[in-house]
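Each residue of the first sequence is one higher than the last, beginning at 5 in the working numbering.
Please note that a few of the clues may not be correct.
[Claimed, not checked] With a Cα cut of at most 25 angstroms, we get these calculated SDA-like pairs of lysine to any residue:
1) Lys-113 with Leu-234
2) Lys-503 with Arg-530
3) Lys-151 with Glu-176
4) Lys-36 with Asp-119
5) Lys-112 with Lys-130
6) Lys-505 with Arg-488
7) Lys-240 with Ala-228
The hints are simulated quantities; they were obtained by calculation from the structure and are not laboratory data.
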Amino acid sequence: MTDEEQVDNKYYAQILSDVALLLQIKGANRYKIRAYQNASRAIGGLNEPVEDVLARDELTDIDGVGKSIASDIAEIKKTGTCQARTDLLDELDPGLLDLLKIQGMGAKKVKTLYDELDIKNIQELKEAAENQKIRELDGFGKKTEEKFLAEIERLESDDGRTPLPSALVLAESFRDELADRDDVERIEIAGSIRRQKETIGDIDLLVASTSDPTPIMDAFTKIAGVSEILVKGEKKTSVRTVQGIQIDLRIVAPEVFGSALHYFTGSKEHHVKLRTRAKRQGMKISEYGVFKDGDPNPVASMTEEDVFSALGLKYIPPELREGFDEIDLALEDDLPELVDMKHIRGDIHMHTIESDGEATILEMAQAAKALGYEYIVLTDHSQVLTVANGMTPKRFARHIEAIREANEQIEDFTILAGIEVDILKDGSLDMDEELLRECDWVVGSVHIHQQLDKDAMTRRLLNAIDTGLISCLGHPTGRILGGRPGYEYDLEEVLQACKDKRVAVEINGSTGRLDFNADHAARAHRVGVKIVLGSDAHSTLGLEAMPFAVGQARRAGLTPKDVLNCLSAKELVASVR
DNA sequence: GCCGTTTTCGGCCCGACTGTTTTCAGTCG
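Based on the sequences and whatever the hints tell you, model everything.
Printed below as a string of structure tokens:
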């Protein structure tokens, strides 16, 4: 994330999490450990910089932060770390934290390995395992040793989380493999995909069935693309695919599908908060339902709505279940009515054969109309992007005419003339001003000179916004999902300028980007900047990336009135510049 | 270490699977 406040909060969260992990290895009181975990999670999920809270002297108002951890946080601000962590690291070893990244390795095992074999890091673990020293320890065996070696090898070649769009494709293919079976009554993709998280750690599938689960589990493990079976039981089976992604399959009875779906959708943080709250009310929540203390029969389990309702809460959409403030909002009936695909009336960012797209103006329009849209904006590239066959002013002038003509040929649909104009190194725009004024919508994007330093990039964007010619900033961070991190600039300053100059910011839904992401979009929204969603389609098929943009908007808590695509074509154009 | 509609003590989310045991601790999500 290029989001500064999140990076800062994440740093604080990490230090506290380190303390929790080191305490675990040391074998400290488990509730003290949990206190540090809770505080770490709370700081990581704050909606404002923790340093602002510190400045107001209100740290202990944060749920999970008491006097002791508040003083740790003050110390981190001053010194970059805290005494608790320093002392633990003196006593233990920093490499032990890495050991915990190994699947199947928890604090107890780390402690045993450290005490018995003086293993302090992954390299030493690898050597001990290769020399078959691990299997001699009490509580360890040959299998554990072999698992460690395999896991170390995997960690060494691992490239992290999977972007949502590719994870979704894989999840859907596995879902579809099982969906047609007679013994599968229902199957849903749960987990972070359902929450529309921009990157995915693993995939969760949930099946409702009344039959013997074994054949379903067998079929699951035999799907083409499974490279390894990690866990296999009657209720839960986990595999790893050739892409290195873990897929978990859970099977439950149909009458508990709602509570199970809620459970497997997560997030963990959401559940911890919800369950703690339920417990105080004398109730228990599990994947099998909501239970009143002592009663083996659930008061709710059939649907997710039932589960929330039994807890006295409004339905919380999956995208908001991150353990931030959604439970309080649901309690007060104050949840945002999230924007949905059904609210989206048009798409503001796409390309045709005029630059680097694969379809004509009319083909794009007809495809968009078939998707139920009322309008599109065609935004081909400007000339500096020669690799993308960018338009010269002359070509753009003709293109505008062609768009106006095409617009006459299609009924009950509006094709707006636009451009994705490059924001040049100094912030000037790569097109004649007159033509930019003539067209309906201007996406301003950075494609070249991405390596400017922070000050220069900030000035560049401010200059571009200052022209008054841009309708929205396209893919505003420039990051490639799972690839390059995006250019550096002062986001707060740029957002403020966008608000002042009535420039919207795009959530670009194209599968490689998701840019802005939900965090950025939420931040823009707080500043009061309007959000607009674009598919950045380069073909008719590319138009189908819009749901990813909607997903990020939903995670950001945006309602239809916050998203310009929910306006008519006329209102859209009038709402900016 | 944190918290309070049982508030200054006595609790702290829940269940599945594995490997190592021979009834369960550890780990994971």
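Status of the hints after comparison with the structure:
{"no.": "1", "hint": "Lys-113 with Leu-234", "verdict": "holds, 19 angstroms"}
{"no.": "2", "hint": "Lys-503 with Arg-530", "verdict": "holds, 11 angstroms"}
{"no.": "3", "hint": "Lys-151 with Glu-176", "verdict": "violated, 29 angstroms"}
{"no.": "4", "hint": "Lys-36 with Asp-119", "verdict": "holds, 22 angstroms"}
{"no.": "5", "hint": "Lys-112 with Lys-130", "verdict": "holds, 18 angstroms"}
{"no.": "6", "hint": "Lys-505 with Arg-488", "verdict": "violated, 29 angstroms"}
{"no.": "7", "hint": "Lys-240 with Ala-228", "verdict": "holds, 19 angstroms"}
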